[in-house]
Amino acid sequence: MIQNKTDQELVQSYLEGDVSSIETLINRHKNKVYTYIILTVRNQHLAEDIFQDTFIKVIKSLHEGKYRDDGKFLSWVIRIAHNLIIDHFRKEKQINTLTKRDYEADVFNTRKFSDGNVEDFIIKEQISNDVRSLINELPDDQKQVILLRHYGGLSFKEIAEQTNVSINTALGRMRYALINLRKIIKEKNITLTVN
Amino acid sequence: MPMVKTSTLIYICDNLDDENEKVIDVDAYTRKEESEYEVVWQFLDDLLIEADQNLVKKVINQISQR
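Chains A and B are the protein sequences, given in the same order.
At position 9 of the first sequence (counting the first as 1) the number is 9 in this note's numbering, and the numbers step up by one without a gap.
At position 22 of the second sequence (counting the first as 1) the number is 22 in this note's numbering, and the numbers step up by one without a gap.
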């Protein structure tokens, strides 16, 4: 079964000509990569573009032999996504110009409303959007560390290198992010269920 | 008993040159960290957003055309 193969086995099969292996690999990690991107850029269309660019670059780098297997394929992909996000905002010079309202309207308007009970779907979507917006209550530097750590599985050393700060700073940001997030969650009494 | 911050231990474990080079049993600390921030990890797991399958198809189409 192709699904049982490790990331490295899938990379190897792909490089030997099996395209279905790379599709399996992308499907395995797509949600974590996409979540990292959209929570960082806060715009669905931009997130979709960066998602595609990320995997195109991943594939190009695999062909160029730039991936060194250390059992951390997802971390490597997240680092590529992170660099593409930085490149994008450097080019556009629009860091932090997207408002929370832009983000919520964008996500909400492009969802599919065709399946299931429409009312339930809308309520779930609204709850999800509210919850997602909470992550943006964290300062950007704390948010970045917690997303890289949780979705990308990066070590603190890698996070420090990726974000150009010392390891102590990365650790401190993680600690404050955890404390703040727990406080926010408690204050808002968050639940993702619809009764 | 000497005390050390959980985050410091996590850092040490992350960056050991040899993964088998366990200098201390961190299980107790790890359990404490997991339990202390369980609500946060659960929150982040719930936050996972599904990527549209069409995005994967677009990537596969692009590489197939090369």
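In short, the hints are calculated from the structure, not lab data.
Small disclaimer: the values here were computed from a predicted structure and weren't measured.
Cβ coordinates follow ideal geometry from the N, Cα and C atoms, glycine included.
Please note: incorrect hints may appear among the correct ones.
Not everything, but these chain A residues come out facing chain B in the computed CB check (under 8 Å) [what the hints assert, rightly or not]:
#1 I2
#2 K5
#3 V19
#4 L46
#5 E48
#6 Q52
#7 K57
#8 Y176
Distance condition first, Cα-Cα at most 27 Å in a straight line; then the derived DSS-like pairs of lysine-lysine [unchecked claim]:
#9 A:K72 to B:K58
#10 B:K58 to A:K188
#11 A:K188 to A:K157
Requested in this report: Of all the hints given earlier, name the ones this structure violates by number, lowest first.
Outcome: 1, 2, 4, 7, 8, 10, 11
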